[in-house]
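**Q** Listed here are the chains, written in short residue letters.
2 protein chains.
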Amino acid sequence: MREVVIAGVGIHKFGRFEGKSFEQIGQEAVRMALKDANNTYFKDVQIAFCGHMHGGTGAGHRTLAGIGLTGIPIVNVETACASGATALQQASQGIAAGLYDVALAFGVEKMPRGFMRMTSFPQWQVLSGLAVNPVGFALRATRHMAEYGTTEEQLAKVSVKNHKNAVLNPYAMYQKALTMEEILNSPMVCYPLRLLMFCAPCEGAAVAILCGRDMASKYTSKPVTVAAVYTSVAQYGTSESNAGAGDIGHSTKIQNTEVTTVLANQAYEISGVGPEDLDLVELQDTDSFSEIRFYEELGLCQPGEGGRLIDEGRTEVGGDIPVSVSGGLLSKGEPTGASALGQVVEVTWQLRGEAGPRQVSGAKVGLCHVTGAGGNAAVTILKR
Amino acid sequence: MREVVIAGVGIHKFGRFEGKSFEQIGQEAVRMALKDANNTYFKDVQIAFCGHMHGGTGAGHRTLAGIGLTGIPIVNVETACASGATALQQASQGIAAGLYDVALAFGVEKMPRGFMRMTSFPQWQVLSGLAVNPVGFALRATRHMAEYGTTEEQLAKVSVKNHKNAVLNPYAMYQKALTMEEILNSPMVCYPLRLLMFCAPCEGAAVAILCGRDMASKYTSKPVTVAAVYTSVAQYGTSESNAGAGDIGHSTKIQNTEVTTVLANQAYEISGVGPEDLDLVELQDTDSFSEIRFYEELGLCQPGEGGRLIDEGRTEVGGDIPVSVSGGLLSKGEPTGASALGQVVEVTWQLRGEAGPRQVSGAKVGLCHVTGAGGNAAVTILKR
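For the record, the sequence lines run as chains A and B.
Just so we're aligned: 356 in our numbering is position 306 of the first sequence, and the numbers increase by one with no gaps anywhere.
Just so we're aligned: 316 in our numbering is position 266 of the second sequence, and the numbers increase by one with no gaps anywhere.
One should not assume that every hint holds.
[Claimed, not checked] Selected chain B positions facing chain A (Cβ under 7 Å, derived; list incomplete):
id, residue
1, Gln74
2, Thr107
3, Gly108
4, His111
5, Gly118
6, Gly121
7, Pro123
8, Ile124
9, Asn126
10, Val127
11, Thr136
12, Ala147
13, Ser282
14, Val283
Hint data in this document are derived by calculation from the structure and do not stem from the laboratory.
Glycine included, every Cβ here is placed at the ideal spot set by N, Cα and C.
One chain only, chain A, in its complex shape (with noise of 0.2 Å):
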């Protein structure tokens, strides 16, 4: 099958926006993305995919409406946080196939205000008080602090972490340094999670232009290859799995096959990389406990030592394995339909060696990594 680079990529800010339309965050983004790649027209674009959740319909055709109509597929692709990721493989896969030549995967989102109730959960779930988010993500963190040890102090030096580097982040929602203090005395939520531990809710788009590798050159003098991107639905259920973020595990162990695993050891070993490989790693950091649970599923340590890795800092920049060094979820926000293109355009910065005061130094292989609702998830592995 024939290579898939990026040619070319763009974002919005993610956060929210008053008085700005779902698609004007949208075109923006594209437009970027565009001229990113080499100021190319749009007519060059062959298919389009739009991944979103809460466009509503015809969200793709009426963002791309002000970009130009012309007369091309545009898919717009739903798969809950997962969304961007699909809209990358739909388009991706397209191209190996030799089926396009140049195709555009967009995301884009104005999420919901208010209390997010998800449509996905099971009955009993709702009746029992589970059908919200952060019950799930809290119930995965008290099993693991009960089986490993995984402390408080933890939890919440991912969020230091993450903040930290999102200082250096432009199109983040929270550019603000927090310490240790804050984090611990926030809001309890559910516990042992507190506000701040918890990604909000935003807005953003991002987009990545892929074309064949044979054609590269005339996009980008730094091509950044697609080098593995698989989206799954969890095995045995969505709202009953014990893999997605917001869902509930019902095994005795959390440390079944997870999605995310099957998924990663699936991109380990069509690309070649594995775990030690990666110079860094964005996945998803819904809440601070997430980041450590997905350590160990992506394979960046072994099963328990979450915990650990972020205590030794090895997770920092600066570290061996750098983790969520735009902010992550946690400070960037999460627009579910954005939220995994945005991580490949900051992966495909930091492999082009343009990503600032935040380059990892030297970085060659990226990972971005999304799971949610439903037991949506998706592994992408770009190499330069």
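Fit chain B to the known structure of chain A by using the hints.
**A** Below, chain B alone, put in the same frame as chain A:
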């Protein structure tokens, strides 16, 4: 590229089903398709695409949760009235490229009740009262009448034909023959289109299980080949375009190259089939003028001759090119996510010789066509 065939099809009757959930409607159709594919297990399916427009987040996930969540990618896709065709297209493409052996394409919908106002109309159309679908259909019809002498009687004849066909289709919403008088005396919605010249938004589901030709014998003794499936958005815009149901033409002639014609020509070319080779056609008869329009755009006759085609009875069952043998959307109703795959189910049965009392004798090649909001369209050619 590998040849793709239909391993099994399923459908849930189109209509209104109080007290039956979106998920139940979808599940019944998926189970029927699995049974049809030689009682295959759902675990054989390697990827699933769910076309829907109003199902909410995780529509496909929630539906398949009642069948078995086997750790596969489930991708929700939306392209308005072409959503089901997009599911078919993405599923077909993955098999053609060798990425999957067995893929599920399904469409399911419970259309909202009451007055429908699409989100994709530009503000000037809303302010001028054009932003409801019948207005666009009617403007096209009056233009055609002025240019070619198409008559109200010809419009009524389309509705007579399709409702007559539907009497033999137990999956249609309305199984009731209508007379010319009933139609021409029904309330005027928007001149020249009357109530009984429109399809009804409704509920339903339809499914195609696809596989590679090389493994078809495991699933079916009557494989039907997906000879072409093309989807696209109209050039020059969504609601501003001169293509797509519900859109307002702005060109000086309505016979510029419409998206339907572009896609049909692509499909004819790749499949080696011309309009003269088609044994039956299912098309987007949202209203009875649309059927006449699409006769022309699909190349079944010359521009302006659509009215004559219906007058001469050539599109009746028994004519040289039967159209809407199923009863069409006029009789079946239109559950947007499902309607494209509903056509595929009908044509598959016809090509297998399993269409019972409405069988088109000796049918070997059929075409399915949808268009809709946002300028979305799709053309599929099936062969036995």
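**Q** Hey, does the Val127 (chain B) contact hint survive, CB to chain A under 7 Å?
**A** Holds: closest Cβ of chain A sits about 6 Å from Val127 (chain B), inside 7 Å.
**Q** Hint validation: Pro123 (chain B) versus chain A, beta carbon distance must be below 7 Å. Holds or violated?
**A** At about 5 Å, which falls below the 7 Å cut-off, the nearest Cβ of chain A leaves the hint on Pro123 (chain B) intact, so it holds.
**Q** Does the nearest C-beta of chain A fall within a distance shorter than 7 Å of the C-beta of Gly118 (chain B)?
**A** At about 9 Å, which exceeds the 7 Å cut-off, the nearest Cβ of chain A leaves the hint on Gly118 (chain B) violated.
**Q** Please verify that hint: Ala147 (chain B), Cβ, nearest Cβ of chain A, below 7 Å or not.
**A** Where the cut-off is 7 Å and the nearest Cβ of chain A is about 3 Å from Ala147 (chain B), the hint holds.
**Q** Taking the least C-beta to C-beta distance, is Ile124 (chain B) closer than 7 Å to chain A?
**A** Nearest chain A Cβ about 5 Å off; hint holds.
**Q** If you take the shortest Cβ to Cβ gap from Gln74 (chain B) to chain A, is it below 7 Å?
**A** violated, 14 Å
**Q** Could you check if His111 (chain B) really has its C-beta closer than 7 Å to a C-beta on chain A?
**A** holds, 4 Å
**Q** Does Gly108 (chain B) meet its interface restraint, that is, does its C-beta lie within less than 7 Å of any C-beta in chain A?
**A** Holds, about 4 Å.
**Q** Do the numbers back the hint for Val283 (chain B), that is, is its least Cβ distance to chain A under 7 Å?
**A** Result: holds, 5 Å to nearest chain A Cβ.
**Q** Return the status of the interface hint for Thr136 (chain B): holds when the least beta-carbon distance to chain A is below 7 Å, violated otherwise.
**A** holds, 6 Å
**Q** Holds or violated: the hint that Ser282 (chain B) contacts chain A, with Cβ atoms closer than 7 Å.
**A** Cβ of Ser282 (chain B) sits 5 Å from chain A, so the hint holds.
**Q** Holds or violated: is there a CB of chain A closer than 7 Å to the CB of Gly121 (chain B)?
**A** Cβ of Gly121 (chain B) sits 3 Å from chain A, so the hint holds.
In this structure, the earlier hints numbered 1, 5 are contradicted, and the remaining ones agree with it.
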